[in-house]
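A.B. asks: Listed below are the residues making up each chain.
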Amino acid sequence: AQRVTQPEKLLSVFKGAPVELKCNYSYSGSPELFWYVQYSRQRLQLLLRHISRESIKGFTADLNKGETSFHLKKPFAQEEDSAMYYCALPHGNNRLAFGKGNQVVVIP
Amino acid sequence: EAQVTQNPRYLITVTGKKLTVTCSQNMNHEYMSWYRQDPGLGLRQIYYSMNVEVTDKGDVPEGYKVSRKEKRNFPLILESPSPNQTSLYFCASSSRSVGSPLHFGNGTRLTVT
Numbered sequence: 003a004q005r006v007t008q009p010e011k012l013l014s015v016f017k018g019a020p021v022e023l024k025c026n027y028s029y030s031g032s033p034e035l036f037w038y039v040q041y042s043r044q045r046l047q048l049l050l051r052h053i054s055r056e057s058i059k060g061f062t063a064d065l066n067k068g069e070t071s072f073h074l075k076k077p078f079a080q081e082e083d084s085a086m087y088y089c090a091l092p093h094g095n096n097r098l099a100f101g102k103g104n105q106v107v108v109i110p
Numbered sequence: 003e004a005q006v007t008q009n010p011r012y013l014i015t016v017t018g019k020k021l022t023v024t025c026s027q028n029m030n031h032e033y034m035s036w037y038r039q040d041p042g043l044g045l046r047q048i049y050y051s052m053n054v055e056v057t058d059k060g061d062v063p064e065g066y067k068v069s070r071k072e073k074r075n076f077p078l079i080l081e082s083p084s085p086n087q088t089s090l091y092f093c094a095s096s097s098r099s100v101g102s103p104l105h106f107g108n109g110t111r112l113t114v115t
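Protein chains in written order, with the working numbering: chain A, 3 to 110; chain B, 3 to 115.
In isolation and in its complexed conformation, chain A is listed as follows (with noise of 0.2 Å):
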C-alpha cells in the first residue's frame, strides 16, 4: 500500500512565484511527516517535520488530517530551492516510507 504520495515528479516555477509541492500519505492514527531536501551534489538532508511548525528557507508545511495531506509552501521561490524534495512518514516498526520526491525547478 502506498503511503506517501507525491504526484508531481517535476515541478518547474519561474523565480519570485509561488511554490507548492503535494504529498498525501495513508496512516491511520497521528502521523509524523518530514519533508527531506537534496540540493545537487549534496546530500540528503531534513528540510522540516510537522510536529516542529517553524518555517525553513522560507518553506512551511501544514499537517491537514481531514485530507491527509502535508502539503509543502514557500510564497516566493528562489534559484537556490532548485533540488528534489521528498515527503516522508515513518510507519509500522520503525520503517520510514519516503515519497517518490519532487524535482523542482527555479528558473530565473
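These aren't lab readings, by the way, just hints derived from the structure by calculation.
Among the hints, erroneous ones may be present.
[Stated by the list, open to error] Straight-line distance between alpha carbons at most 27 Å, and here's what the computed DSS-like set of lysine-lysine pairs gives:
hint, chain 1, residue 1, chain 2, residue 2
1, A, Lys11, A, Lys102
2, B, Lys20, B, Lys71
3, A, Lys59, A, Lys11
4, A, Lys102, B, Lys59
5, A, Lys59, A, Lys24
6, A, Lys102, B, Lys67
[Said to hold, decoys possible] Which residues of chain A face chain B? A few of them, derived with a C-beta cut under 8 Å, are:
hint, residue
7, Glu34
8, Arg45
9, Leu46
10, Gln47
11, Leu48
12, Arg51
13, Tyr88
14, Pro92
15, Asn96
16, Arg97
17, Leu98
18, Phe100
19, Gly101
20, Lys102
21, Gly103
Glycine included, C-beta positions come from ideal geometry on N, C-alpha and C.
Given chain A, work out where chain B should sit, using these hints.
C.D. replies: Chain B alone, transformed into the frame defined by chain A:
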C-alpha cells in the same frame, strides 16, 4: 564533524561478485538504515537496525544482507549482485528511530554489469 560516511562513492562490478558497501557514523546513533534511490521510484528502505545486533527488513530486502556488530558501523552486503541492483544507495542514521531526523551519507553509486 558529525557525519555519516559511506564508501566507496562509486563502484562498478560484475554479476555475482560479492561486494560490501561500508557505512559509519560518529554521532553515537542507535538507528541506522539503508535506502536505494531509483528514478521514478524514490527512496526505498532496504534494511534497518535499531541497535547493535538488532536488524530488520525494510521494503526491498531481497538480495541484500546487513550486519550491526558495532554501533557506529552498518555495512550493506551484496552476496551475488545482479544488474537490477544497479542503483544509488544511501545510508542514514538517527538518534532514536524514524521519529528523529535522519542524517544521510553521501551515497554510493553502484553499477552491476
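A.B. asks: Hint by hint, which ones does this structure get wrong, listed from lowest number up?
C.D. replies: none
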